[in-house]
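Chains as they are written, first to last, in our numbering: chain A, 15 to 305; chain B, 12 to 351.
Certain hints may be false.
A few chain B residues that don't get close to chain A, going by computed Cβ distances all over 12 Å [claimed, not checked]:
hint : residue
1    : Lys107
2    : Val115
3    : Ala119
4    : Arg159
5    : Leu181
6    : Thr257
7    : Arg276
8    : Leu330
Label pairs and their calculated CB-CB ranges [to be verified]:
hint : chain 1 : residue 1 : chain 2 : residue 2 : range
9    : A       : Ser299    : B       : Asp141    : 16 to 24 Å
10   : B       : Val29     : A       : Pro229    : 31 to 39 Å
11   : B       : Arg20     : A       : Arg122    : 30 to 38 Å
12   : B       : Lys120    : A       : Arg122    : 27 to 35 Å
Everything labelled a hint here was simulated from the structure, so no lab data went into it.
All C-beta atoms in this analysis are idealised placements derived from N, C-alpha and C, irrespective of residue type, glycine included.
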Amino acid sequence: MTTAAAAAPRGGFGYRHPRARLVGLLGAPMAWLVVVYLGSLAALFLTAFWTVDGFTGAVVRTFTLDNFIDVFTTPAYLQVMVRTIGIAISVTLLCLVLAVPVAYFMARVAPHRWQPLLVAMILTPLWASYLVKVYAWRAMLNPESGVIAWFLQPLGLGGPGFGAVGIIITLTYLWLPYMVLPVYAGFSRLPNSMLDASADLGARSWRTFRSVIVPMIFPSIVAGSIFTFSLSLGDYITAQIVGGKTQMLGNVVQQNYVTNLPFAAAFATIPVIIVLIYLAAVRRSGALENL
Amino acid sequence: MDSVTIRVRGLSRHFGDVVAVDQVDLDVMAGEFLTLLGPSGSGKTTVLRMIAGFEKPDSGTIELDGTDVSQLPPYARDVNTVFQDYALFPHMSVLKNVEYGLKVKKVAKAERAERARAALASVRLDGYEDRAPSQLSGGQRQRVALARALVNRPKVLLLDEPLGALDLKLREEMQVELKEIQREVGITFVFVTHDQDEALTMSDRIAVFNEGRIAQLGTPSEVYEHPATAFVAGFVGTSNLLDSVTAQQVLGRPGTWSVRPEKIRVWIDGQSAPEGHHRLDGTVREVIYAGMSTRFVVDLPSGNSLMAVQQNTEASSDLSHLRGQGVTLSWDPAHEYEVS
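Using the sequences provided together with the hints, build the complete structure.
Quick look at the structure:
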């Protein structure tokens, strides 16, 4: 025995250094999340406490709560806030009412081999540009030449025209897939035996729907509503195109960010806070644990 | 056991091209524990689901206490089901689960809670009322499912392989417990399983299913000791068939015959075999020690083999030295039977 024993076989670099492997895996996404995403949110929040010089319009970096006081004491701004929340809630409820039957059909009624096709069909509107879709709705909602007005005229009714109702209809169209998909997933996960058990114990369809199906897909509904609610809350382009004179939160931000960036930042903080409050409320209901 | 609770006549159901249930006739007597036994795909579960109302029959009728219920939805039938996966509602507490059926039937709140608590006590789960199903073990969930069904006092309780997900020890305990509960409440049980031991242990009668039909209906001992077909002989217990040549030679009669392994005795010296026993020489191929007993696989001159089982009554029961040795098999002619 003159030669040294051969080195024992070893695993690769990643196997021997699990920490390095973790850094390699998560480094890029963490950098993105922390620097770009959280960083910009922090910058927004910080800017909201600054002010502008009345003459030059330059941002003055001194701490002040004036922007927030302005936001919460000006009736016009409060009105925009309430209207925006109302629109977001309406869109969410409308999406829910439309999504539940569609998702139920997709997951429980349609034959299995149709399901991929139906999911693809629900997704097709997302393939088209947001602007194209909103302009299409502008054309349809037009009070003189729109197809909706044309349909309603013989009945002696006027169309919704441009305004809050137009915004709600358009946003519902835009965000519906985000509600259908989670609710569809929820229905798919629901075991058949639960429905059998409910019927077996004497419950008719409506009772089973109320007492078993809705509570069991509630987390999916919450997931969908987080999308529809927060997307609606932050939207301003739809309001510009089909809203007529109706303004949403985003429009106020957009109008101010050139002339008074700190005020725009303060106003933009509001939807962030509303969504955080909504998430906290949802968390208390226990729905997030089942997502 | 004189009145018929469930009368099934000409019941058929197919899925696509597959005939799941083919012209089944079956009478379930009041208060009996009837087991539908068969391999998967034999139609036993489909029969149970048609009795519950989850599947509609293509043809045939199901009568419950003399009323045809075959076209009624599940909620209108006075039967309850214990599901294979228990199907407990995850968003309700144990008590709410058990109360569900009573609540749906608008039983007053106080009575509802009282009956549900009593049902939970009868399955030894008092104190678990406020737990969530996810906090229970498999055996406990099983008992909640049982209480949830029994609290409604159905005419018939249907059990769809309810012990399948439990480990062996728990399963054996639950077999005894289920049987006790059935005796106490006096409700008719229809029990589906593919486990022959379970069927033999618990049932008053067994219906052995094969390819959508009932191959044999009888008491456990009838089905075990006198199987009607080769399928039943093989499915209930170990198939131990004597081919025609061997039968002609040993029994003096042709045909396919069967003897249960535990009826066959193994002799090293053929002369010791009792008078009047049928005898057959062979060579031991395999000796399998199984704790309580030892199994012998014995090759016959005809090329077939038979299995024999002996209880390990001696202190040292290691018989592996018999492997390869010539032995004589013997059995009482009363234990041999012809199978079709």
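Verification of the supplied hints:
| no. | hint | verdict |
| --- | --- | --- |
| 1 | Lys107 | 10 Å, violated |
| 2 | Val115 | 4 Å, violated |
| 3 | Ala119 | 16 Å, holds |
| 4 | Arg159 | 7 Å, violated |
| 5 | Leu181 | 21 Å, holds |
| 6 | Thr257 | 49 Å, holds |
| 7 | Arg276 | 48 Å, holds |
| 8 | Leu330 | 47 Å, holds |
| 9 | Ser299/A / Asp141/B: 16 to 24 Å | 19 Å, holds |
| 10 | Val29/B / Pro229/A: 31 to 39 Å | 36 Å, holds |
| 11 | Arg20/B / Arg122/A: 30 to 38 Å | 32 Å, holds |
| 12 | Lys120/B / Arg122/A: 27 to 35 Å | 32 Å, holds |
Hint check: violations occur at hints 1, 2 and 4; the rest are consistent with the structure.
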